[in-house]
Amino acid sequence: MTIALGVRRVGFWWYMTAGAALLVTFAAVGLYRGSVPLDPADVMAVLARRLLPGEHGPVDPRVDTIVWSLRAPRVVLAAMVGGCLALAGAQMQGLFRNPLASPGIVGTSTGAAVGAVFALTFGLAGAFLLAAPLLAVGGALLSLLIVTRIATRDGYTPVTTLLLAGVALNALLGAVNSWLIARSWEQYEAARQIAYWMMGGVTDRDWRHVGMLLPGLVVGCVVAAWFARDLDLLLEGEEVAASLGVDIERTKRAVLWSAAILTGSAVAVSGVVGFVGLVVPHLVRLLLGPVHRRLLPAAFLTGAWFVVGADLLARTLAAPREVHLGVVTAFVGAPFFLYLLMRHEKEVAVSR
Amino acid sequence: MTAASGSALRAPRLELVGGGVERRGRWLLRRVDLVIEPSMLTSVVGPNGAGKSTLLRLLSGTWRLTEGQVLLGGFDLAALPRRQAARRVAYVPQSVRPAFEFTVREFVTLGRYPHESRLFGTRSADRGWIDRCLDDTDVLALADRRVTTLSGGELQRVLMARCLATEAEVLLLDEPTSNLDLAHGLDLLGLARRLVDEGRSVVLVLHDLNAAARFADRVAVLDGGGLVAEGPPSEVLAPELVRHVFRVEAVALPGAASTVFDFEPLARSDLPGSAGRTGPAPGMRRRAPASG
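The listed protein sequences derive, respectively, from chains A and B.
According to the numbering used here, the stretch in the first sequence is residues 563 to 914, in order.
According to the numbering used here, the stretch in the second sequence is residues 2 to 293, in order.
Just chain A, with the same shape it has in the complex (with noise of 0.2 Å):
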C-alpha cells in the first residue's frame, strides 16, 4: 500500500542543515531550561570546561551536576533514542515496502519490552543495574528470532509471512507483559517502575544509559548504511531487486537484525517512546523522496530533534511535574500523521 501524497521535495543539505539547527537549538535549551533555572552563561561555562581542553575559569559544583549529569545525558540520550527509532522505522517501511509499518512491527519492541518487565518484576533491575537493558535487548532479538524461524521455509522469507508472524508475536507478548504487570501489582515499586517504563522516557537517565545504547546505535547504523542501497531496490519488488543483482536474503536479515538491535537497545534505556518510528521516517520521505541514502541519515537527525524537542516539553508543559516522553510524542505525532492522511485524502493511492 501506498500513500503517494503531491509534496514538493526540499533539498537534502538544506534539510539536514535545517535538522542540525534545530538538533542544536532544542539541546541548548534542554541544557538551560528545567526545574532549577540556570544562567545560559553559567550553562556555558560547564560546557567549555567539560568539553574544550585547556584552563577554564571556576564553576559552581551545583550547576556542574545539574549541567553535566542531569541535563546533558539527557538530552544525548534523547537524541540517540529518537534517532536509532526513527531509522529503525525507515528501515521497515523499506523492507515491508509499507509507509505504516513501524520499528517494531516484528514483535521487536514488545520482546524488549517483556524482557525488562520481567528484569523489573523479577527484582533483577534493583540488584544490577545493567539487568533491565540487557534483557531487553536480549527481548528483541529473541523475538527477531523466533519471528524468521516461523516465516523462513527453505532458506526463503517472504516479508507477509513474517509481517502476520510479527502480528501475531506481538499479541501474545503483549499478554506476557499483561500477566508480568499484573502479576507484580502487590509489590508496590516494581509495579511503579513498570508503569513509569512502559511510558518511555529519559527521566533520570545518565551517562551510563547513554554508553548502554551507544554499542547498538553504531552496530545498527553501519550495518543500516551498508544495506542502504539495497533497499532502495526491494522497494520495487523482490523480483525486480534479484534480477538486478541484490541478495534479498541477505539484506532482509541485515536490515531485519539492525532495525531489531536499534529498536531493542533504544527500548532497553528508555522504555516504549511511540510514533517516533512510524511518523518520522513517513514524513522524511514526503520530504526528500524514497532514496535510502538520503532517508536514513534524514531520519535520523529528524527521530533526534523530534525526541530531544518532545522531551522538552515533556519537562516544561507541566513544570515542575513531568509529562511522560512517550505521551508527548504520541500528542504530537498521531494528530499530525492524521492531518497528513486528511489533509492529501484525495490524492491517496491504494496500490500492491
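In short, the hints are calculated from the structure, not lab data.
Think of the CB as a built atom: it goes at the ideal place given N, C-alpha and C, for glycine as much as any other residue.
Which bits of chain B does chain A cover? Going by a derived footprint, with three or more residues having C-beta under 8 Å, they are:
hint	segment
1	87-96
2	112-123
Partial chain A-side listing against chain B, Cβ under 8 Å, derived:
hint	residue
3	R659
4	W788
5	L797
6	V802
7	V853
8	R855
Using C-beta positions, here's what the derived DEER-type ranges look like:
hint	chain 1	residue 1	chain 2	residue 2	range
9	B	R27	A	R815	27 to 37 Å
10	A	R855	B	F76	29 to 39 Å
11	A	L726	B	S235	51 to 61 Å
12	A	V572	B	R27	43 to 53 Å
13	A	L734	B	R27	31 to 41 Å
14	A	W769	B	Q85	46 to 56 Å
15	B	F76	A	L734	41 to 51 Å
16	B	L120	A	R595	40 to 50 Å
17	B	T150	A	R612	49 to 59 Å
18	B	D209	A	E811	34 to 44 Å
For chain A, the structure is supplied; the task is to place chain B on it using the hints.
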C-alpha cells in the same frame, strides 16, 4: 550518440538446457531446450499459463531451476555472482507498477546497482551513462517526474532505460506491450528492434501474434509448460500450429510483408479434446495456473 553505439556490442548466447521448474508439486515448465540467439529479437508466445513468464524468470536467473541449466555464453548462470549476472542479463517482470515516488532519474539509476560500489554509490560516470540511457529511450524530458505519475507508455520506456542502465546485452521483457495502446505498443516494439540492431538480444513475451511475426527474428511457442516450436516466424507461425496451441482458427491474409493472421474462434467440433491437438509436453501433470 546512443547508449549502444559507443562500443561494438556482442550479446552472449543464452541457452536453457533441459530446463524445468517445479513449484508446490507442479511443473510450471519442463524439459525445455531453447537457445536465445545473440543479437536477435526473440518473441515468446503461448496461451495463458503456458509458462512464458516462468521461462523469462529462469533465463534471468531470478528463479532457480529444479532441473537443467541456464548457460550464458556457455557458462552456468547460477554459478555467476548475482551482480555479475545482472550486468549481462536484464529482466522486467510483467505489469510493474512503481509504488514509491522515485523520480525517473532515481528509478533508472536503480539499474546501476550491479555496477555501484557500496561505499561510494553512484559516481559521475554513472550519471553520464544514465543521461545517455534516458536520451536513448526518449525519456530525458521526464527525468524529474515521479514514476508514480507516468502513463503506461512512458513507464515502459523508463523501464527500458533502466534495462539499458545495467549495460546488459540481453534484455528480457515480460509483456511490455500489454498495457499500451496501439501507437505506444508499436513504438515500444520499434525501440526493441533498434536495441537489437545495435547488437543486443531482446526477448519479449507477446500476446499479439501478428506483432511477433512482424518484429521478431525468432519465435518460441510455449504450451502447457513445454516448448512446442522455435524458429523464424514465417516457419513457426503456421495456421495449423496456431489452431493447436491457441485454439483459434488462423487465416493468413495475403499480400502482407510478414505473416498477418485473421483470427476466428474454432468451430465446436474442433475444440480441444476432439481434435488431434499436440498435448502438453510429456511429464506434465496438469496445466500451470494462469499467471502468464
